[in-house]
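There are 2 protein chains.
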Amino acid sequence: MQYPSATIPPEQHIQIGALVFPNMDQIDLTGPFAVLSRLPNSSFQLIWKSTMPVRDHKGLRLLPDASLANAKPIDLLIVPGGPGQEDLMEDKQVLSFLTAQAGRAKCVFSVCTGALLCGAAGLLKGLEATTHWQSVQFLKYFGAVPKEQRVVIDRTFVSAAGLTAGMDGALKVAALLRGEAIAQAIQLDIQYAPEPPFDSGTPDRAPTEIVAKLKQTSEKLTAQRLATARRVAAKLGVRVDD
Amino acid sequence: MQYPSATIPPEQHIQIGALVFPNMDQIDLTGPFAVLSRLPNSSFQLIWKSTMPVRDHKGLRLLPDASLANAKPIDLLIVPGGPGQEDLMEDKQVLSFLTAQAGRAKCVFSVCTGALLCGAAGLLKGLEATTHWQSVQFLKYFGAVPKEQRVVIDRTFVSAAGLTAGMDGALKVAALLRGEAIAQAIQLDIQYAPEPPFDSGTPDRAPTEIVAKLKQTSEKLTAQRLATARRVAAKLGVRVDD
Numbered sequence: 563m564q565y566p567s568a569t570i571p572p573e574q575h576i577q578i579g580a581l582v583f584p585n586m587d588q589i590d591l592t593g594p595f596a597v598l599s600r601l602p603n604s605s606f607q608l609i610w611k612s613t614m615p616v617r618d619h620k621g622l623r624l625l626p627d628a629s630l631a632n633a634k635p636i637d638l639l640i641v642p643g644g645p646g647q648e649d650l651m652e653d654k655q656v657l658s659f660l661t662a663q664a665g666r667a668k669c670v671f672s673v674c675t676g677a678l679l680c681g682a683a684g685l686l687k688g689l690e691a692t693t694h695w696q697s698v699q700f701l702k703y704f705g706a707v708p709k710e711q712r713v714v715i716d717r718t719f720v721s722a723a724g725l726t727a728g729m730d731g732a733l734k735v736a737a738l739l740r741g742e743a744i745a746q747a748i749q750l751d752i753q754y755a756p757e758p759p760f761d762s763g764t765p766d767r768a769p770t771e772i773v774a775k776l777k778q779t780s781e782k783l784t785a786q787r788l789a790t791a792r793r794v795a796a797k798l799g800v801r802v803d804d
Numbered sequence: 563m564q565y566p567s568a569t570i571p572p573e574q575h576i577q578i579g580a581l582v583f584p585n586m587d588q589i590d591l592t593g594p595f596a597v598l599s600r601l602p603n604s605s606f607q608l609i610w611k612s613t614m615p616v617r618d619h620k621g622l623r624l625l626p627d628a629s630l631a632n633a634k635p636i637d638l639l640i641v642p643g644g645p646g647q648e649d650l651m652e653d654k655q656v657l658s659f660l661t662a663q664a665g666r667a668k669c670v671f672s673v674c675t676g677a678l679l680c681g682a683a684g685l686l687k688g689l690e691a692t693t694h695w696q697s698v699q700f701l702k703y704f705g706a707v708p709k710e711q712r713v714v715i716d717r718t719f720v721s722a723a724g725l726t727a728g729m730d731g732a733l734k735v736a737a738l739l740r741g742e743a744i745a746q747a748i749q750l751d752i753q754y755a756p757e758p759p760f761d762s763g764t765p766d767r768a769p770t771e772i773v774a775k776l777k778q779t780s781e782k783l784t785a786q787r788l789a790t791a792r793r794v795a796a797k798l799g800v801r802v803d804d
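Chains A and B, in that order, give the protein sequences. If you read the first sequence in the working numbering, its first letter stands for residue 563, the second for the next number, and so on. If you read the second sequence in the working numbering, its first letter stands for residue 563, the second for the next number, and so on.
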């Protein structure tokens with residue numbers, strides 16, 4: 563897959579399109595929305611199979627603006643994650659939407675396990691990418707080169723780690739599309755000078771017993787994601803020794 | 563106003579209620595939602611005058627779960643901000659909802675200019691509080707002691723600075739209500755180990771010309787907020803020398 567250059571002239575409108583879906587994690591979308599809805603000369607559409615409300619993993623309900631079939635052509639494609647991503651890994655309608663829109667987009671931006679969905683759509687082959695810390699080991703099944711970083715940019719594919727990493731990724735995307743001064747103005751507007759009260763945001767810094775407990779809680783989903791990743795790898799013709 | 567202690571026993575359910583409203587800034591709510599919807603033994607309701615979709619400042623549409631009249635009694639009351647807060651500063655229905663719910667809540671948590679709304683409801687009298695960097699100067703009109711901090715806790719009133727500060731505030735609220743281990747587990751789950759790509763999140767760190775431009779952009783709203791704050795101060799019986 564060929565990505566065109568990401569730079570977009572200021573006078574050229576940027577159509578942003580984000581996939582939303584049941585059981586997603588809303589902050590994967592709403593974090594980037596806070597940043598990217600502030601890009602000058604842009605508009606933002608939320609897209610799903612229908613325009614009926616979509617309920618996130620924890621119960622927040624969002625209204626899509628357009629259906630997959632009626633979405634405007636997208637310049638910046640955003641793919642969030644969350645447990646519901648797993649249900650779409652072999653969904654032809656969603657995967658062909660992603661492939662088609664990514665093919666014309668100037669930039670594709672995955673957040674959290676949205677990267678796995680992009681992988682299933684064949685968008686990660688040969689690219690460096692990242693995802694939620696509990697899912698990094700699956701990236702190789704989509705032909706990606708896994709990176710344990712907060713944000714990874716390879717050509718015009720930007721991937722952010724778990725959930726809140728979407729804010730950091732979005733600021734990088736903003737700089738990529740409209741320049742650093744715009745990104746800095748947005749950062750000031752949304753007062754993004756984080757001060758996490760605890761140092762527990764990554765598995766190497768969180769208390770060991772908390773890491774273990776969280777892994778245990780998601781054991782079933784993690785096993786399911788592995789089985790799916792293997793099936794997808796076979797379909798994509800990606801060979802993984804494991 | 564008397565606040566009871568914030569500690570809630572693990573076996574006791576926590577009813578979280580967040581006000582939502584037209585022209586709010588969605589991240590003031592969705593940031594804290596990502597954290598607090600993960601509290602064990604809790605449920606989260608979005609509340610507005612009706613249950614019709616609410617459109618945020620930048621166009622994201624959220625669905626309220628309950629109306630002001632039908633909301634369940636709230637243990638943790640969340641008040642987000644955004645430009646639409648200004649329209650509610652003299653709205654009797656909203657203000658009396660806030661006063662009534664705050665009177666029974668274990669904890670009240672304002673994000674961004676949600677603090678001004680709490681101020682108008684008389685909840686800030688004699689308390690230290692913070693808000694968005696462009697609005698800190700208004701806090702005194704509500705009898706509050708303004709603090710330029712990311713998060714301020716005074717008794718059981720927690721206030722966070724602009725927009726994204728809601729995440730930091732929410733983690734503190736989580737620790738307050740369910741203990742630090744729970745807050746740390748949530749932080750790991752949402753991979754909150756922020757790495758802002760620029761150092762432009764506060765007016766003292768952002769480039770001077772960007773600060774000036776942003777102030778200019780919000781000149782009209784800032785003037786309007788001042789006029790409103792003065793009217794509210796008179797109503798609350800708060801005397802400000804200015």
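The hints are simulated quantities; they were obtained by calculation from the structure and are not laboratory data. A few of these clues could be false.
Pairs involving identical chains hold if they fit within one copy or between any two copies, as the list cannot separate such chains.
What the hints assert, rightly or not - For lysine-lysine, the following DSSO-like pairs were computed, each having C-alpha atoms within a straight-line distance of at most 30 Å:
(1) 777 / 797
(2) 687 / 797
(3) 611 / 775
(4) 654 / 775
(5) 777 / 634
(6) 634 / 620
(7) 687 / 775
(8) 668 / 775
(9) 634 / 775
(10) 709 / 634
(11) 668 / 782
(12) 782 / 634
(13) 797 / 775
(14) 782 / 709
(15) 782 / 620
Note that the coordinates shown come from a computational prediction; the quantities given were computed from them, not determined experimentally.
To see whether the hints hold, each was checked on the structure:
{"no.": "1", "hint": "777 / 797", "result": "within (28 Å within a copy, 54 Å between copies)"}
{"no.": "2", "hint": "687 / 797", "result": "within (13 Å within a copy, 64 Å between copies)"}
{"no.": "3", "hint": "611 / 775", "result": "neither (35 Å within a copy, 40 Å between copies)"}
{"no.": "4", "hint": "654 / 775", "result": "neither (35 Å within a copy, 46 Å between copies)"}
{"no.": "5", "hint": "777 / 634", "result": "neither (39 Å within a copy, 34 Å between copies)"}
{"no.": "6", "hint": "634 / 620", "result": "both (29 Å within a copy, 18 Å between copies)"}
{"no.": "7", "hint": "687 / 775", "result": "neither (33 Å within a copy, 42 Å between copies)"}
{"no.": "8", "hint": "668 / 775", "result": "between (40 Å within a copy, 28 Å between copies)"}
{"no.": "9", "hint": "634 / 775", "result": "neither (43 Å within a copy, 32 Å between copies)"}
{"no.": "10", "hint": "709 / 634", "result": "neither (32 Å within a copy, 45 Å between copies)"}
{"no.": "11", "hint": "668 / 782", "result": "neither (36 Å within a copy, 36 Å between copies)"}
{"no.": "12", "hint": "782 / 634", "result": "neither (37 Å within a copy, 34 Å between copies)"}
{"no.": "13", "hint": "797 / 775", "result": "neither (33 Å within a copy, 52 Å between copies)"}
{"no.": "14", "hint": "782 / 709", "result": "within (24 Å within a copy, 46 Å between copies)"}
{"no.": "15", "hint": "782 / 620", "result": "within (18 Å within a copy, 37 Å between copies)"}
Hint compliance for this structure: hints 3, 4, 5, 7, 9, 10, 11, 12 and 13 are broken, all remaining hints hold.
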